[in-house]
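In order, the protein sequence lines correspond to chains A and B.
Once you know that position 104 of the first sequence is 104 in my numbering, the rest is easy, because the numbers rise by one and skip nothing.
Once you know that position 12 of the second sequence is 12 in my numbering, the rest is easy, because the numbers rise by one and skip nothing.
There could be a bad hint or two in this list.
[To be verified] If you want the ones that stay clear, here's a sample from chain B, every Cβ over 12 Å from chain A, calculated: (1) Thr-57; (2) Phe-80; (3) Asp-100; (4) Ser-161; (5) Asn-174; (6) Lys-188; (7) Leu-243; (8) Gln-310; (9) Leu-347.
[Said to hold, decoys possible] Pairwise CB distance ranges (calculated): (10) B:Ile-146 - A:Gly-135: 32 to 38 Å; (11) A:Ser-30 - B:Asn-201: 28 to 34 Å; (12) B:Pro-130 - A:Gly-273: 50 to 56 Å; (13) A:Thr-108 - B:Ala-149: 51 to 57 Å; (14) B:Leu-70 - A:Gly-199: 22 to 28 Å; (15) B:Asn-245 - A:Ala-242: 37 to 43 Å; (16) A:Gly-119 - B:Lys-287: 40 to 46 Å; (17) A:Ala-9 - B:Lys-287: 52 to 58 Å; (18) A:Thr-203 - B:Leu-225: 51 to 57 Å; (19) A:Ser-30 - B:Thr-185: 49 to 55 Å; (20) A:Asn-104 - B:Ile-278: 27 to 33 Å.
Simulated from the structure, these hints should not be mistaken for laboratory data.
Glycine is no exception: its CB is placed at the ideal position from the N, C-alpha and C atoms.
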Amino acid sequence: MLMFAAFSASNSYKLNSYSIGSGGSNSATSTTYKAQANAGEISGTSNSTTYTEHSGAVQTEQLNVPLAPTLSNGSGTYYNELQFTINPGILPSDTTYAIAVSPNNFTTTYYVQTTGALGGSPVYQSYTAWGNSSGSYMTGLSNSSTYEVKVAAMEGLFTNTEYGPYASSTTTSPSITFSISPTTISLGALTAGNIVTSGTNITASLTTDAESGADVFVSGANGGLKTASRSYTIAGVTGNLASLSEGFGLQGISATDSSGGPLSLVSPYAGTGNVVGIDSTTPTRILTTPIEVQSGSSTIELQAKSAVLDPAASDYQEVLTFAAAAAF
Amino acid sequence: MGYTNYMKRVPLLLVELSIAVIILAMPLLMFSPVVSAAGVSLTTSPVSEVISSNPGTVATTVLHVQNNGLLPVPMTIKLFAFGAAGTTGSPSLQPASPSDTYFSWAHFSPDAFIAQPDVPVAVTMTIDIPKTAALGYNYGVAFEPIISASLNGPGAVLNGSNVILILLDTTSANEIHSAQIASFTASKRLYEYLPATFLINVHNNGNIFIAPGLNIYISRTANFLPGSIIDTININSAQGNVLPNSNRVFQAQWTDGFPVFQPKLVDGHQITKKNQTIYQLNWNFSKVDKLRFGKYYAKLIMSYNNGKRQVPIVAVLSFWVVPWKLLILILLLVLVFIGLIIFVVYLVHRLRKLQRGTSRRHV
């Protein structure tokens, strides 16, 4: 018997093909999953390096695969985080998204959690919850590392897509910017028994994105004011020059910042009046910030007092080196 | 040419020679490296680096330095030894001593250079690790301008340098990777509002530095079952190290609440009083669903690599968040409201009583 078969068609749609699979139990549920059974071809999935093809009705219910997200490393300023913005394209407004992240082309895959930290399981949230067009941040990343990021979408049951194409961005390496000015400070004439204060203040500026903060150290080449012509040194001291016969030291006047920190003066340099901190040949901490700091700035002055028996000389000088170092 | 003619030409030759010298020296005069009287400014990166390499090998890393000033700066590189200063991760920089023989293993290319303004310079640090090396070595690599400033009278010449900390792990066989949670505490037992501040004191009881992984999970229940965790705080994402035989206190804050205390800013600057940051309440009503109230539990999971596998260590604490001022205010409002109701009821009762009395008199 000869049979002629024709596929269903209308003015708008045409069924090109169909097949019957082994069937299944529709809408089986557990606390975690709900199954939608589908009659499909046993060998209905094919793969290549570029495409994965699935047969069956479930695929037709899926959303479009999301576009690659937009990534930012803050113009080269983020070293342990990246900003990502989902590109929803034409996906419906009630779509939820999961973000997959990898430092090695998805050999290892992590997922952004609601907190921004990376975890082992995907978390689906709305476009709004992921920060809308302003985006959101994934945190806890390694510095100087390239991360690939891709997005999957879901809208209700059985619509979960594959992950879309990925975008990549590289975290930077944390840095320290440190300035000291001016290059010379004049104390004027040292008169015995009088405390002399530098007319000009030292300005130390510090900006760093080091997570555990940074310190500024000060050290002197001579450990005090030294006269080469008379081979004598007014030693660096910690204490109140008003009650000491002689000495040389530094006093922090102020420390400010615009964010992070706070940048603060460290004892014994945070004194007032004539209380000074030592000028030592060993680097001594004068400023500190426990976390990253922006536009940190400190004003520091020098104070000196000579004794009656100190040799008279006009070349009492010191070379002070301020060094900035982050935490290890 | 006779001697007389030659002598006539000598002044002319001298003039020509002087002009030639000036022309030749012009580039040097124009680009002579000096430090501006305004001071020095450098940017260096990274801030610290861990290098792991076996004894008998050569390890390299690239360090970057940039002169932010307006003039070229001649630079030199100095080395410091360092250990832990306190428990914050701050280094205690020490000048090189004769016992620091490992300094001779380190070489830099270039080791002296002129840093042009706004031009990053990549400096390769090479460490020739001898076969006899064992455990860890610390280098503080200081990039320092060469200052040529001078003073006429008493005073000081100022210089600034940036130090990059290098921790060398020679991955020797006798390394012991071991750490403990010395303490895990909250700064208070009772918070009015977030943030809640946690202090994690990690002790390295091994003989090589360790960068512990630290995560705090916040829950309303002590069993921390899946689904009960409200928030996760990742700490030490920058992989800060704990040096051998030392403690390091890591600080973390749980800030995801409503309202929360945040540093007070005036003209974009944080305000401090006696070196303490001043905080003010931030009412972000988009987070009104995150009003924290009641008892919370924080579980710390510290993990470190002991050379063979990741070792997890767990510690748990509890704390309270009670917005007591807000509660007192609400209680007062409720009491006032109840008082008003009682007063109104009393008035109505009195009114009816008066009305009843008036009616009886009319009867």
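Structure versus earlier hints - violations, ascending order:
2, 4, 7, 10, 11, 16, 19 and 20
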